[in-house]
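S.K.: Below, each chain spelled out in residue letters.
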Amino acid sequence: MPIGVCMDELVRKAEELARRYGISYYEIRVTKVTASHLTMQNSHLEELALNTEIGIGVRAFNGAWGFSSANDMSRAEKAIETAMKIAKLSKGNSRIYTGDPVKDRAEIKVEKSFLDVDIEDKLSLVKEVDSLLKGDSISNRKVFYGDGLKEQFYFNSLGSEIETVVPRVRLGFSVTAKGNGEMQQYWKIFGGTAGWELVEGIDFPRWAEVAKEKAVALLHARSPPSGEFDVVMDPELTGVFIHEALGHAVEADAVKNGDSILAGRLGEKIAVESLTVVDDPTLPGRFGSYVYDDEGIMARRVEIIRDGVLVNYLNDRETSALLGLEPNGHGRAQGYNYQPLVRMSNTYVEPGDWSFDEMVAEVKRGLYMIGDKGGEVDTANGTFTFGAKEGYIIENGEIKEQVRDVALSGSILDVLKNIRAVGDDLKVDFPGYCGKGQWVPVDDGGPHVLTRALVGGLL
Amino acid sequence: MIDELISILERQNVDWEVYWEKGRGGSFKIERERLERSQRKFHSGIGLRIGCRGKLGFSYITGLAHDRETLENFVKRTIKLAKISEVPFRGFPTGGRPKQVRGLYDKTIDEIPFEDAHALAEDFAARMAELRGEGVTLSGSLALGVGTSGVANSNGVFLEERSTGMSVSAHAVMGEGRTGTGSYYQSYRSLQPFEELESAITRAIEEAKLSGAAGKLGGYSGELVLEPEAFGAILGILLENLYGDSVYFGRSRFSRPGEPVASEGLTVMDDPLIGGLPGSYSFDGEGTPGKRTVLIEDGVLKSFLLDHTYASFLGMENTGNAVRDFRTVPHIGTSNVVVEPGKESLEDFEGIVIKKVFGEHTANPISGDFSLTVGLGYVVKNGELRPFRDNMLVGNVFEVLRSILGVGRETVRRGSFISPRVLAVGKIV
Numbered sequence: 001m002p003i004g005v006c007m008d009e010l011v012r013k014a015e016e017l018a019r020r021y022g023i024s025y026y027e028i029r030v031t032k033v034t035a036s037h038l039t040m041q042n043s044h045l046e047e048l049a050l051n052t053e054i055g056i057g058v059r060a061f062n063g064a065w066g067f068s069s070a071n072d073m074s075r076a077e078k079a080i081e082t083a084m085k086i087a088k089l090s091k092g093n094s095r096i097y098t099g100d101p102v103k104d105r106a107e108i109k110v111e112k113s114f115l116d117v118d119i120e121d122k123l124s125l126v127k128e129v130d131s132l133l134k135g136d137s138i139s140n141r142k143v144f145y146g147d148g149l150k151e152q153f154y155f156n157s158l159g160s161e162i163e164t165v166v167p168r169v170r171l172g173f174s175v176t177a178k179g180n181g182e183m184q185q186y187w188k189i190f191g192g193t194a195g196w197e198l199v200e201g202i203d204f205p206r207w208a209e210v211a212k213e214k215a216v217a218l219l220h221a222r223s224p225p226s227g228e229f230d231v232v233m234d235p236e237l238t239g240v241f242i243h244e245a246l247g248h249a250v251e252a253d254a255v256k257n258g259d260s261i262l263a264g265r266l267g268e269k270i271a272v273e274s275l276t277v278v279d280d281p282t283l284p285g286r287f288g289s290y291v292y293d294d295e296g297i298m299a300r301r302v303e304i305i306r307d308g309v310l311v312n313y314l315n316d317r318e319t320s321a322l323l324g325l326e327p328n329g330h331g332r333a334q335g336y337n338y339q340p341l342v343r344m345s346n347t348y349v350e351p352g353d354w355s356f357d358e359m360v361a362e363v364k365r366g367l368y369m370i371g372d373k374g375g376e377v378d379t380a381n382g383t384f385t386f387g388a389k390e391g392y393i394i395e396n397g398e399i400k401e402q403v404r405d406v407a408l409s410g411s412i413l414d415v416l417k418n419i420r421a422v423g424d425d426l427k428v429d430f431p432g433y434c435g436k437g438q439w440v441p442v443d444d445g446g447p448h449v450l451t452r453a454l455v456g457g458l459l
Numbered sequence: 001m002i003d004e005l006i007s008i009l010e011r012q013n014v015d016w017e018v019y020w021e022k023g024r025g026g027s028f029k030i031e032r033e034r035l036e037r038s039q040r041k042f043h044s045g046i047g048l049r050i051g052c053r054g055k056l057g058f059s060y061i062t063g064l065a066h067d068r069e070t071l072e073n074f075v076k077r078t079i080k081l082a083k084i085s086e087v088p089f090r091g092f093p094t095g096g097r098p099k100q101v102r103g104l105y106d107k108t109i110d111e112i113p114f115e116d117a118h119a120l121a122e123d124f125a126a127r128m129a130e131l132r133g134e135g136v137t138l139s140g141s142l143a144l145g146v147g148t149s150g151v152a153n154s155n156g157v158f159l160e161e162r163s164t165g166m167s168v169s170a171h172a173v174m175g176e177g178r179t180g181t182g183s184y185y186q187s188y189r190s191l192q193p194f195e196e197l198e199s200a201i202t203r204a205i206e207e208a209k210l211s212g213a214a215g216k217l218g219g220y221s222g223e224l225v226l227e228p229e230a231f232g233a234i235l236g237i238l239l240e241n242l243y244g245d246s247v248y249f250g251r252s253r254f255s256r257p258g259e260p261v262a263s264e265g266l267t268v269m270d271d272p273l274i275g276g277l278p279g280s281y282s283f284d285g286e287g288t289p290g291k292r293t294v295l296i297e298d299g300v301l302k303s304f305l306l307d308h309t310y311a312s313f314l315g316m317e318n319t320g321n322a323v324r325d326f327r328t329v330p331h332i333g334t335s336n337v338v339v340e341p342g343k344e345s346l347e348d349f350e351g352i353v354i355k356k357v358f359g360e361h362t363a364n365p366i367s368g369d370f371s372l373t374v375g376l377g378y379v380v381k382n383g384e385l386r387p388f389r390d391n392m393l394v395g396n397v398f399e400v401l402r403s404i405l406g407v408g409r410e411t412v413r414r415g416s417f418i419s420p421r422v423l424a425v426g427k428i429v
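For the record, the sequence lines run as chains A and B.
Using our numbering, you'd call the opening residue of the first sequence number 1 and step up by one each time.
Using our numbering, you'd call the opening residue of the second sequence number 1 and step up by one each time.
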């Protein structure tokens, strides 16, 4: 990774400073990101950016963490010294998992690097998608494309030296339809840890038609009814559901801070027997995938719930030591200038044996809800909200008229036990970003799932 | 170094704009009443926009210490991007003389030694341990920062402003029996006395106690009072329709000012000129002097939020709302959003009060539909509070704003949002 500083020199300097300040553990990330980004609305290019950024983030541990970062590599040594001085000042009494040193180089390989694609070709792609979105009643077309290659050198005081190369690409579009005295939107997003081949594999004409048809149809849809209903969730909604209803509450920092309703419940049956939930950063090509986390721990597949029983938390160096758990590589940072926090990667519900038709037939009066509009959770109280892009009324086992977007809500401990059916059709391909003071790329999904939730409809 | 960059740019036959930043900050994270994470970060960088043959190019570099060759390559690269970019260029602002807003810089914050800030965080943590009480777990954060930002362009604008900031948060969890959570957040421009930190702790604990005692309410439809935080969440859904780019690109409910959007009692402003507030600035990210903009006056939409580019596209007056950092081109944002106080005394209101909601990003700004989870609310009867939570507050933002029956007299500030209580018609499920 050519960044204008000698890594061996930096490693030596860190050792020397650690001796001077009496620091027992430290870890340093030097990161280079090469990124391009384009956005277009109504055939009007809004942004075309090509940038490379290099920076350093340093953490030093002395029973509590000291951290410093710099985006100017001439300040690299200063950042190391600052983090160590802070740690020395801190004198906490926490412990961390250290483990054995790791020397490795790991690259997520692609078929065709987006760095080899001219910016002109990326612009042509954006224009082509924009033109596919044109149509009657469409008042706004928005297209975005973004890619970034993250090259990182991680080293720590144990002697670990890990070089990783992770490419990520994400693109999507939205349309806004106007008519019938209403305005409505629909959108579709693609992405993964992949190269330009991901873009080449997308059937844009088909997805453009889907988005336009949905947005226009929603102009004539009513809001769903309000109250508690049986809800069949599609794989995308299942994804945001499980991310909010379970994922955040099993992040071990929430558990540590008394901020999770699932604290102290390992080994307890918290869901129906048919539910198994996994967080897996090793899934090939998914947007939330990585090889090593930002604490130099190898990423691992984690079964969170197995057959209804809570079996593990997602953890980092600190929480694995505190809770006596095997480290599973979920310490992630937004960038070199952020400290790692416990985060999800690709979170999904394992498939069961119900077909979609069987599931719908179960519902006397309920809703079939589709798509992800984000969500939020209060992990301590266990209340969560998640949004669907659209849906349909189900009456006596039959799908009826379309309804608008809506948010749904539930209580973690109730809703996981109210799951009545888990479908056989797994899909994990809904790339997004998760916010927790820092943004990190994640994916989620699952099969169709039937549960019960509070629907915030207007009728 | 900025001067050197400008001298390189002046020799090119292009329009240019340089935006620079330099700053540092210390922040402290408290977990379980112990100071667990302390950090000190430095940042600096330059964003460069070049207008060339009607097209705009942008790129940035981190750091402010660069040799001439690096700067020349930076300029060359950005000019090249302008030539291929196809982003329409509408010129840069010609500026004007901004009036300096008072109270944006506090020397005490700038000069506080890191060790003293660290000691303040230790005291904050220790006070949490003293105040927490049985069955309560506290966490929180404290941050102090100082920064300088500047903008110069080929129209002769050259402005620089130094500012400081402080933020405090506390989060309380009641763990015994039924759980409850409470939180408090506030930001400032100047160093606050320790009482302000203590007050954050006690407010979080009080809220957690109410939350712990809260049950779910039966359904309700009718008059209710929205506390400033809850009203801010709902007003925010409307504000997304007022961004100039949304209007220009057909992604807003509105195409021109003049439409009634709320009851007569509601007046909302965007005001970067209020002294000492977190959202204040003397000039925006393009060097346009900050100014007070009335967005809604007595229920009527008066203005959109605009930067130079979208004001030009829409043929409207620039409101000076370009927000940015050096890594990005300017985008439109709010400064301080102020809901003007009304005449009602809503402090003693008896009935349903919504204090906090969450999930507002799942709302639909263009249809106006929202369904938000109630984090905390209470029913007030004969002066007594019965808290509730976990219901959903549902409605349509355009209908709720038109249903406003009264606006309170006393305002509360949370960060850069200032509002009184608002009485409106709503539905809870």
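Worth flagging that the hints you see were computed from the coordinates, not collected in a lab.
It is possible that part of the hints are untrue.
To be verified - What follows is a set of in silico ranges between Cβ atoms, one per label pair, in the way DEER data are often shown:
#1 Glu9(A) <-> Glu4(B): 25 to 31 Å
#2 Gly227(A) <-> Gly275(B): 47 to 53 Å
#3 Gly275(B) <-> Ala35(A): 34 to 40 Å
From the three backbone atoms N, C-alpha and C, an ideal C-beta is built for every residue, glycine too.
S.K.: With reference to the structure, classify each hint as holding or not holding.
M.R.: Structure-based check of each hint:
| no. | hint | verdict |
| --- | --- | --- |
| 1 | Glu9(A) <-> Glu4(B): 25 to 31 Å | holds (29 Å) |
| 2 | Gly227(A) <-> Gly275(B): 47 to 53 Å | holds (48 Å) |
| 3 | Gly275(B) <-> Ala35(A): 34 to 40 Å | holds (39 Å) |
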